[in-house]
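Residue numbers (our numbering), protein chains in the order written: chain A, 1 to 277; chain B, 1 to 301.
What the hints contain is simulated information worked out from the structure, not anything from laboratory work.
Positions of the beta carbon are idealized from the N, C-alpha and C atoms, including for glycine.
Just to be clear, a hint being listed does not mean it is correct.
Derived, one-sided and incomplete: chain A residues facing chain B with beta-carbon distance under 7 Å [to be verified]:
| hint | residue |
| --- | --- |
| 1 | S25 |
| 2 | R104 |
| 3 | H105 |
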Amino acid sequence: MGTVRQPTYLRREEPLRGRFFRVWSIFASGVRRGFRRPFALITILLALAVGVITTIFNIFVGGLFGQEITLSSFFQTLTNPAILVFMLLVAAGVGAGLIADDMRHRSLTLYLSRPVTSVGYVAAKASIVGLALFIAVAFPGVVGPIVAALLGYVGWVTAMLALGAGLAFGLLAVGVFGLTVLMFSSLTTRKGIAAAAMFAMGFASSGLAFPLRNLFDADEILHISLYENLLAVGRLVYGVEQVGITWQVSLAILAAIMVGAFAVTLLRIRTVEVVSG
Amino acid sequence: MIIEADGLTKRYGSVLALDGLTTQIPEGPIGLLGPNGAGKTTFLRLLLGLLRPTTGRGSVLGFDIRARPLAVRERIGYMPEHDCLIPDLTGIGLVAYMGRVSGLDPNVALGRAHDMLDFVGVGEERYRKVEEYSMGMKQRAKLAQALVHDPDLFLFDEPTAGLDPEGRTEMLDLLKLVSQMPEKSMLISSHLLPDVEDICRHVVILNDGQVIAEGDLQELLGEGMNTLRLRIEGDLGSFAEALRQAGAEVTQDDPFLQVARSDGVEDLIFRTAHAQGVQVRYLGVEARSLEDAFLEIMEGA
Chain A
1 MGTVRQPTYL RREEPLRGRF FRVWSIFASG VRRGFRRPFA LITILLALAV GVITTIFNIF
61 VGGLFGQEIT LSSFFQTLTN PAILVFMLLV AAGVGAGLIA DDMRHRSLTL YLSRPVTSVG
121 YVAAKASIVG LALFIAVAFP GVVGPIVAAL LGYVGWVTAM LALGAGLAFG LLAVGVFGLT
181 VLMFSSLTTR KGIAAAAMFA MGFASSGLAF PLRNLFDADE ILHISLYENL LAVGRLVYGV
241 EQVGITWQVS LAILAAIMVG AFAVTLLRIR TVEVVSG
Chain B
1 MIIEADGLTK RYGSVLALDG LTTQIPEGPI GLLGPNGAGK TTFLRLLLGL LRPTTGRGSV
61 LGFDIRARPL AVRERIGYMP EHDCLIPDLT GIGLVAYMGR VSGLDPNVAL GRAHDMLDFV
121 GVGEERYRKV EEYSMGMKQR AKLAQALVHD PDLFLFDEPT AGLDPEGRTE MLDLLKLVSQ
181 MPEKSMLISS HLLPDVEDIC RHVVILNDGQ VIAEGDLQEL LGEGMNTLRL RIEGDLGSFA
241 EALRQAGAEV TQDDPFLQVA RSDGVEDLIF RTAHAQGVQV RYLGVEARSL EDAFLEIMEG
301 A
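Construct the complete structure from the given sequences, taking the supplied hints into account.
Shown next as structure tokens:
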């Protein structure tokens, strides 16, 4: 036998919280949901494992065998191609669907019809993929120097310099990968396409750069490689001698990529019809 | 007034979507009507602060739509026409999440999400993923997410679209309940004029980016109607003939009579009824349906 129910609407008694809390809510929910997905979880864990293993081999095992640990050692650890490959995987696994899924399900309407700006929305989504990417660089860039100093492999001055350089380089890599994958994610409703575009940008740029450099015998061509540009800036922050290309151009290219990707993403979000007629 | 617009103009390149729209919309349930391309969507976008007007000014609940769009959106609950739910969330997860994104404390958001899902009638399905919901349940979940932060103004875009007759009736009952709440107003944009007629007290009709008619719904439906409608207890045919002989213009439309309005015709009806020994059981001004009124207004535009 059914029950008789009278719908009751209750009034809210608490005030609404501010702008930062709303953006935080999107970030927190995105982390909870995004990191739970099997592919995302596996890539994050693998990236973390690669960072830990690379640090152990380059710093701790090397130190055990009497190898001198310098800033250069930390640079070689953090810029290990395996770490950057896993950053690409994390970017694709976590970031590719962040906006594409909202586009596909037209959920942007739910966000942008609320007191959230398009900048706040993009910032929240960028923070989700940024956190995942930072996990990949956290051990070799931040934890590694501290542990190395605690174990007596390096002095604290070197460790702090390595920590600062690791944070600067790590955040730059996180920014480049994170904002680029968000841009691709905003340009499609299929996260597979966004992930493929991210891989293409990461691998194809490096794959093309060296043959073209050899063909034209011009080091400047290496600037088309995302990885080489990151390396050039990494050499600067770790105080390692520059080879091949100049960090100034590389930094300008990476900054342009980040600003351009953010602008395209924002523009794309703003053109979405929240109210469709 | 909950909404005020003064010379609102919105131009997309060479297309003029709103052409100096001026209106003052009072509190209560309001219907926003107009054919496709009339400017309803652009008007809603401007009200939500998602677009900036090319010229003119507007305010919602006293907040300037150009200067304070976030303050406006804090006080608006928007229920979109199209499917927009996040499929991997449960009903309760979605509504609570939208509460948090609106600024509700997480515990309060969860509590209100439960209350609102109960209110809209999907409380028993709250732990199912919304991708498994039927069309009717999705509409109710969309309504719940619009209500969760207890806004002062609701914008409902085709709220009964895609619902079966039973679902439509239930949704209209819910909207009526919402419309009767004190200090709450709603703006319903719909092509289903009977829905608007059922719920709204005031309508605004747009065409070519301008307001072509607005006002109290009942006045709008009765406006320009020069016919009285009456029902009697007694012989309808003889009474109609008696009225004609007394000089009235009468049309028989069983079980009613339609009498053309003129000075003193009401007196004439009652005097004739008395003389004929019949009882007048109903006498009122013939009203049009909103659909008829809308079509007439559009023809005259």
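* Under the criterion of a CB-CB separation shorter than 7 Å, is R104 of chain A in contact with chain B as hinted? -> violated (9 Å)
* To do: Identify whether the interface hint at S25 of chain A stands, where standing means a beta carbon of chain B within less than 7 Å of its own.
  => This interface hint holds because 4 Å falls under the 7 Å limit.
* **Restraint satisfaction for H105 of chain A [CB to CB of chain B, less than 7 Å]** => holds (6 Å)
Comparing the model with each numbered hint stated earlier shows that hint 2 is the single one that does not hold.
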